[in-house]
Amino acid sequence: MSQLYSMIRGNHIFSKSGTFEGMIAKDAVIEEGVELTLKGMVGGNVVVKPGAALYLKAMVGGCIHNQGGRLHPAT
Numbered sequence: 001m002s003q004l005y006s007m008i009r010g011n012h013i014f015s016k017s018g019t020f021e022g023m024i025a026k027d028a029v030i031e032e033g034v035e036l037t038l039k040g041m042v043g044g045n046v047v048v049k050p051g052a053a054l055y056l057k058a059m060v061g062g063c064i065h066n067q068g069g070r071l072h073p074a075t
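Mapping to our numbering: the sequence shown position 9 is 9, numbers consecutive.
Quick caveat, the hints were computed from the structure, so don't treat them as lab data. Everything numeric in this text was worked out from a predicted model, so none of it was measured.
Distance condition first, Cα-Cα at most 27 Å in a straight line; then the derived DSS-like pairs of lysine-lysine: (1) K16 with K49; (2) K57 with K26; (3) K39 with K49; (4) K16 with K39; (5) K26 with K39; (6) K26 with K49; (7) K26 with K16; (8) K57 with K39; (9) K16 with K57.
Sequences and hints are given; from them, build the entire structure.
Here it is as structure tokens:
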């Protein structure tokens, strides 16, 4: 898995598995087949596509839309 540390000023679509630690100003979309650990903050919505897995360790300013993926809260 790759690890990214960043600030993204707009929306972001995750198409590769890994860990993201940072801030996304708007929406985050986790594509099908992606396993992602999300740390930090998302200013907008989080969308989890079918077949995706999200380990959520982040604050979310909007809504979480699970469209058929797996959502795992922080432990």
